[in-house]
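Line by line, the protein sequences are chains A and B.
For the first sequence, the working numbering gives the first residue as 149, with consecutive numbering after it.
For the second sequence, the working numbering gives the first residue as 3, with consecutive numbering after it.
Label pairs and their calculated CB-CB ranges:
| # | chain 1 | residue 1 | chain 2 | residue 2 | range |
| --- | --- | --- | --- | --- | --- |
| 1 | A | T202 | B | M61 | 30 to 40 Å |
| 2 | B | T67 | A | S166 | 44 to 54 Å |
| 3 | A | K162 | B | K112 | 37 to 47 Å |
| 4 | B | S110 | A | V160 | 25 to 35 Å |
| 5 | B | P78 | A | T163 | 47 to 57 Å |
Keep in mind that the hints were calculated from the coordinates and are not lab data.
Built from N, CA and C at the ideal position, the CB exists for glycine as well.
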Amino acid sequence: NAGVTQTPKFRVLKTGQSMTLLCAQDMNHEYMYWYRQDPGMGLRLIHYSVGEGTTAKGEVPDGYNVSRLKKQNFLLGLESAAPSQTSVYFCASSFLPATGTDLGQYFGPGTRLTVT
Amino acid sequence: DAKTTQPPSMDCAEGRAANLPCNHSTISGNEYVYWYRQIHSQGPQYIIHGLKNNETNEMASLIITEDRKSSTLILPHATLRDTAVYYCIVKGYNQGGKLIFGQGTELSVKP
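My request is simple: use the sequences and hints to build the entire structure.
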């Protein structure tokens, strides 16, 4: 199993440009999440999905959109990048939390995004 | 989600036990205590979780006080590879999978 993978690993954008971050998991997890982490801070939830075709807002959703067209993929889009979106973005996935054995969330390696 | 309080940093000698405290005085009866860690520049890693009983797995032990207002994560024989930021998170199953990360404790294991 590859676990959770993220593409790309690094990216530099100019203000106003758009891009899409791809997250893929091969563990058949129902739940997927996007977080951002700013220097010296904990992770903050941007958006999440409880299943294919569903998405929901997290703590800091403004400026981002997401889509979950396939169970194994969760896309994070920046339509018009701003310097405030310079951050490290982590994707995670998990089984349905309320059933069976909860093994927590599995995280990807992160995408380092700089917006100039 | 209940708020947690952790010391910002701790040191531990290699080979000794690392005991990381967490206060969660407003925890609700259906909320679990989760521990994750984040090694520099990597994604967070799940360690352990519990409701009210003490738990142990191959990575660590979790001790939860009887009133559930605090807990301690124990790494029995810390190694240099355990140097990381450790996050204590309180979450209920009815809150879906959302994790609210605080500042965590930066554990430095020294030779």
